[in-house]
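Peer 1: Residues per chain are reported as follows:
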Amino acid sequence: MSLNSRHLWHFHGGLKLPSNKAISTSKPITKALLPKRLVIPVRQHIGEAGKLQVEVGDYVLKGQVLTRASSYVSAPIHAPSSGKVVEIDELPAPHPSALNTLSVVIETDGEDKWIDLTPLNHPNTKSPTELRQLIRQAGIVGLGGATFPTAVKVNVGPQAEIETLIINGAECEPSISCDDMLMRSYAREVVSGCGLIQYIVSAKHCLIAVEDNKPEAIAALHAIITEKALHTIEVVAIPTIYPTGGEKQLIKVLTHKEVPSDGFPSDIGVLVQNVGTAVAVHKAIRLGEPLISRIVTITGEGVLQPQNMEALIGTSMSELIEQSGGYHKDAAKLIMGGPMMGFTLQTDHLPITKGCNCLLVENTAEQTAEAMPCIRCGACATACPAQLLPQQLYWHASSKNFDQVQDYHLFDCIECGCCNYVCPSQIPLVQYYRFAKTEIWNMERDRIKSDHARIRHDFRQERLDREKKERDEKLRKKKELLAKKKLADAAAKESDGKTTEIDPKKAAIEAAMQRVKEKKAAQQTEKTDATSATESSDEQNTQK
Amino acid sequence: MSILTAVLTLALIAALFGLLLGYASVKFHVEGDPVVDKIDALLPQTQCGQCTYAGCRPYAEAIANGEAGINQCPPGGEVTMLALSDLLGVEPLALDAEHADMPEKTLVYIDEDICIGCTLCIQACPVDAILGAAKQMHTIIESECTGCDLCIPPCPVDCIYIKPVKVEPDTWRWPLPDHGNTAPQAG
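Taken in order, these protein sequences are the chains called A and B. Going by my numbering, the first residue of the first sequence is number 1, and it counts up by one from there. Going by my numbering, the first residue of the second sequence is number 1, and it counts up by one from there.
Only chain A is shown next, with the shape it has when bound in the complex (with noise of 0.2 angstroms):
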């Protein structure tokens, strides 16, 4: 099928960007040289972090496990090079909140030395569950920026059935081309890798999707493909425009079809993977390696020599620019991502991580400029990719109304940067919707945690009172055992009165009162005084 013959569609909005892909394209990618000194955060994907599998002290060879996956959405990161784990602890990791996090520090010993790998010659004779595992355990997690784990991504369940594979080629960003490097250099381990995961998800054909700026990457793709008399996997070249690489947004160009808001891809039949993701699916499955490694764009007017740069995961940034040619002597800000979506970090001295594709350095410092009021000229609206109304957005969250700015579907939001882009006030548009998402997503947590604290509160309420009732109950129960007991008593001594004694201490005293009363009477013997005898015994009488 040759290349233009494809039908495509348009989806909303977007933007014709100057590219600035060519600065960093003209040498091939570049292999950086080992480091000292890895750093590999247990967390580069969204999901839970692995279980650390090392301690401090042990060797490890390069593609060792460091931790195993914790639940489903989850992966595990392995060492990038053979060396000693030398701390594990919380790190500086590249993240806009620029906080620390776990990570296992390892000291390199320049050899290099792999674990026993055990390729796959005959990816067919496996089954795709088997596969799926193998994309598990080699940690892979999407890498055109989002990191969600891969195997999660390609079990589609039973129900849904995959049509369509796309595989992202897009690169839409100006100043990124590690992608377009990638295809270049391992086109022959792109459709090895495409094959793999149509196989998996066993979809009817896979479309390589590629702007049409990046000819040399197309030609590549193309020439294995027909080498290869592949009839099912296809290039298609679409149109250069800002954001085409958004999934949903390339889903639309290629089919026509369109993502529910509240839905995956595989409810129409597609699944979108990224280019660097198929051929880590490639080497993981046919060469049994794990993901350590990635494709770096390094540019920007900051930097003397742009380039792109195969670096192991844990590389300091700072490492890749010095081999880079160094800062320009000009250089302002440096942004991990690109100039529309990526973010500004504080430091340099910072790890490569699995979903850092690019290295921007500019030359203008943060941009300053006061925002003025919204004129609602609506360009924003006219730029949406994701059709939404940013100038709605934009109100309900300055002003916190987080229900409404969800009616108005802040979480179709893709954080693009069209609107921030031709905004002529210069208002920063999505980090309105960063900072909404983030405060709607602790609400949530709160929310969370506050019915969870409701539960034991009423549950420790309940058991309190019926601690209460208990104790009141054995209470009772005493007071009822000892009353009956009186009773008994008294009935007991009614019945044994009349034959003796009715109770001791009475006749205690009375046998005290009988021997005072026999003293008194021994002593009115002595006495010769009758009279004061008589008046005794009567006073003894009545006090009796």
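A portion of the hints provided could be inaccurate.
Unchecked claim - Just some of the chain B residues that point at chain A, by a computed CB distance under 10 angstroms:
1) Asp-40
2) Gly-55
3) Cys-56
Unchecked claim - In silico lysine-lysine, PhoX-like type, Cα no more than 20 angstroms apart, as pairs:
4) Lys-105/B <-> Lys-163/B
5) Lys-36/A <-> Lys-84/A
6) Lys-113/A <-> Lys-84/A
7) Lys-437/A <-> Lys-400/A
8) Lys-166/B <-> Lys-105/B
9) Lys-449/A <-> Lys-38/B
10) Lys-449/A <-> Lys-105/B
11) Lys-449/A <-> Lys-163/B
12) Lys-479/A <-> Lys-469/A
13) Lys-204/A <-> Lys-126/A
14) Lys-449/A <-> Lys-166/B
Hint data in this document are derived by calculation from the structure and do not stem from the laboratory. Computed from a predicted model, the values in this text were never measured in an experiment. Just so you know, even glycine gets a beta-carbon here, dropped at the ideal spot from N, CA and C.
Got chain A; can you put chain B on it based on the hints?
Peer 2: Relative to the frame of chain A, chain B by itself:
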């Protein structure tokens, strides 16, 4: 005669509707006050009593009865106040100084070297987040602690301290851009 018919008809209708309403009030009887439940669902359930009521539910009842304002919950802060205002259809109120917004979430921890195992804090904890027994060391179950600080006053040896909840990259929140409020009023 015709007036009698009219009176009888009306009386009959009145009796019929009376029976119907009576039946409905028994059949569709709602146990408790649903508004209290709705208010309670919005409160943070710290049971801290900073609203001057004995817990979240008593405060919810007080709001439902119109005895308490919607701005008395410091742990809930502005977000809870706005949610309450939304639910009850009343004007949002500013959080007064006495019930000011708490700047950050906290929880407590026990200095286990000092703890004498008196169990007083266990009795004070409204959500059973403290583990321990008489003359045994006590400890806070962090995932259950709501940060109400009710365990601090009863401690005879002052070994319970407040610490802020650690922010992870996962729970980190983007700040509101400080470009000044350039937004016109919505609507």
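Peer 1: State for each hint whether it applies.
Peer 2: Now the hints, each set against the structure:
no.: 1; hint: Asp-40; verdict: holds (7 angstroms)
no.: 2; hint: Gly-55; verdict: holds (7 angstroms)
no.: 3; hint: Cys-56; verdict: holds (7 angstroms)
no.: 4; hint: Lys-105/B <-> Lys-163/B; verdict: holds (9 angstroms)
no.: 5; hint: Lys-36/A <-> Lys-84/A; verdict: holds (11 angstroms)
no.: 6; hint: Lys-113/A <-> Lys-84/A; verdict: holds (12 angstroms)
no.: 7; hint: Lys-437/A <-> Lys-400/A; verdict: holds (11 angstroms)
no.: 8; hint: Lys-166/B <-> Lys-105/B; verdict: holds (9 angstroms)
no.: 9; hint: Lys-449/A <-> Lys-38/B; verdict: holds (16 angstroms)
no.: 10; hint: Lys-449/A <-> Lys-105/B; verdict: holds (12 angstroms)
no.: 11; hint: Lys-449/A <-> Lys-163/B; verdict: holds (18 angstroms)
no.: 12; hint: Lys-479/A <-> Lys-469/A; verdict: holds (15 angstroms)
no.: 13; hint: Lys-204/A <-> Lys-126/A; verdict: holds (19 angstroms)
no.: 14; hint: Lys-449/A <-> Lys-166/B; verdict: holds (15 angstroms)
When each numbered hint is compared with the structure, no violation occurs for any of them.
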